[in-house]
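Chain W is fixed; fit chain E onto it per the hints.
Chains as they are written, first to last, in this note's numbering: chain W, 1 to 106; chain E, 107 to 490.
Take these hints with a grain of salt, some might be off.
[Unchecked claim] Distance condition first, Cα-Cα at most 27 Å in a straight line; then the derived BS3-like pairs of lysine-lysine:
#, chain 1, residue 1, chain 2, residue 2
1, W, Lys59, E, Lys116
2, W, Lys63, W, Lys73
3, E, Lys289, E, Lys317
4, E, Lys381, E, Lys393
5, E, Lys116, W, Lys63
6, E, Lys240, E, Lys289
Just so you know, these hints were derived from the structure itself, not from any lab. Source: prediction; values computed, not measured.
Here is how the chains run, residue by residue.
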Amino acid sequence: MNTSRYIARSNAIAARALGDETMVMSSTNSTLFTLNEVATTIWEAADGVTPLDEIIKNKICAKFEIEPEAALKDAHALVEGLASHGLLLVSDMPIAKAGNACKASA
Amino acid sequence: MSLVLEMAAKALKMNIPLSVQLDLTYRCNERCVHCYLDHDDHGEMTTAEIKNLLDQMADAGVFYLTISGGEILMRRDFFEILEHARSRTFCIKLKTNGVLIREKEAARLRELGVESVQISIYSHRPEVHDAITKMPGSLRQSIDAVRFLRQQGLYVTMANVLMTQNASDYKEVRLLAQELDAKFIMDPTVTPMMDGDRSILELNVDSSALKEVFRNQELVGNVEEFCAPPAAVDQDDLDSLPCSAGHTACYVSPYGDVYPCVQFPLPSGNVRETKFVDIWRDSPQLKEVRTITLRDMPSCSKCSHGATCTRCPGLAYLEGNMRGPSTQDCEKSFARTGIPSENLKGKLAAPRPVDSAQLIQIKGLQPMVPNIPPRVAKGTALGV
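Same shape as in the complex, but just chain W:
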């Protein structure tokens, strides 16, 4: 599995933190998603320049009790899911312009 992947939040979304969850809406089809606390941590770290495996190691495994392999497997599934709905950009290279879609604040 290629772990040197980079993720960035798409510009074509609306997002807001609501407690420990995050609401994300695709502005292309108005579908609403909610991300749980772990997924929110990955979402907020999706700056386009930090590799996914580093996000998992530093943000997820440091904060939650989970084995790195299991966390990375789950993270890949999450990333694929979000990317398939156009919410997340995924690349094998750093994503130079992560866009102006800032992380959900509240």
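Just chain E, lined up with the frame of chain W:
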């Protein structure tokens, strides 16, 4: 429970203003006969003030942002404001008459990721629509805007306000919306002006027109279910909240005034003086609104329509009591089910109010206090 309702319930529990309507201006290029606004500029917020407010609202947790007016494109900084709002990842719905939206503007709205655009279409007939907006050519321009926006793939809603002038046209407007691949919504209520002036309520359609609307399957779905007698009010209903106004939603005027809702003009603070989040959390007015349940409404809590009524607390407030009934909604419940509300029963039983001048008039005799016109033309009987 749908995800949207789930999030709304969570926001309610956490006291988060999930949705806000922000009016950028009350200025408008149309002069609609039923409009509830004064179109003069009394000191709109500047671009910097609005950007700062948007930052505050994002930090407070606002997700759904409706940007409305007046006509939003009357502000030269509209796209600058919109760009800033999108950079703070709001889910944005625009309300506009569309007159100033051409191909270029539609493309920019698409680029900025606006969620949807609502455009008012009063009739499919130019002579009716343009007479309502008092702007010749406005129907053609608004329809063009719908087309430009749809060409960009944006969701468009055509909003039709039902009033005496266009009462027979909603079916054709709905067909027009279908043809343009736009959503159609209809509002059967003309509301009082924000300053409380109720004269425009004369434009509301009569009960027979309302009945017809409520029995139109294409509009209401299952007519039998929609027009069924109301279910009995239970204890849960009595503890229920009237609507999201002040609970998970509020309104901000172009002057920074915060109200529970655009239709509920209870002054609750001003963002030029107090931070948005502090108004939201601490305003005594919003706190009072949040305490009101159906149980606290003397008339509505005893009404058989209590659990199913569309009662608008703002219209009740404009009628004089935010814990009271909204007669316009009572009339809708009556038109829908044929069962009068407690409020309407009371109105029917009470003596008809007349002013004192009418009381002392006896047909054929002079009033005791003659009502002399201020200007009397020479040669008339009173001018002698």
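**Asked** Has the given pair, Lys240/E with Lys289/E, been kept, meaning a C-alpha gap of at most 27 Å?
**Response** Within the cut-off at roughly 25 Å; holds.
**Study point:** Given pair status - Lys116/E, Lys59/W, alpha carbons within 27 Å
**Key:** holds (26 Å)
Hinted pair, alpha-carbon criterion (27 Å max): Lys381/E, Lys393/E. Please report holds or violated. holds (16 Å)
request  = Please work out if Lys116/E and Lys63/W have their alpha carbons no farther apart than 27 Å.
outcome  = holds (24 Å)
Does Lys289/E pair with Lys317/E here, judged by a C-alpha cut-off of 27 Å?
holds (23 Å)
Check whether the Cα positions of Lys63/W and Lys73/W lie no farther apart than 27 Å. holds (17 Å)
Going down the numbered hints, you'll see the structure goes against none, and every one checks out.
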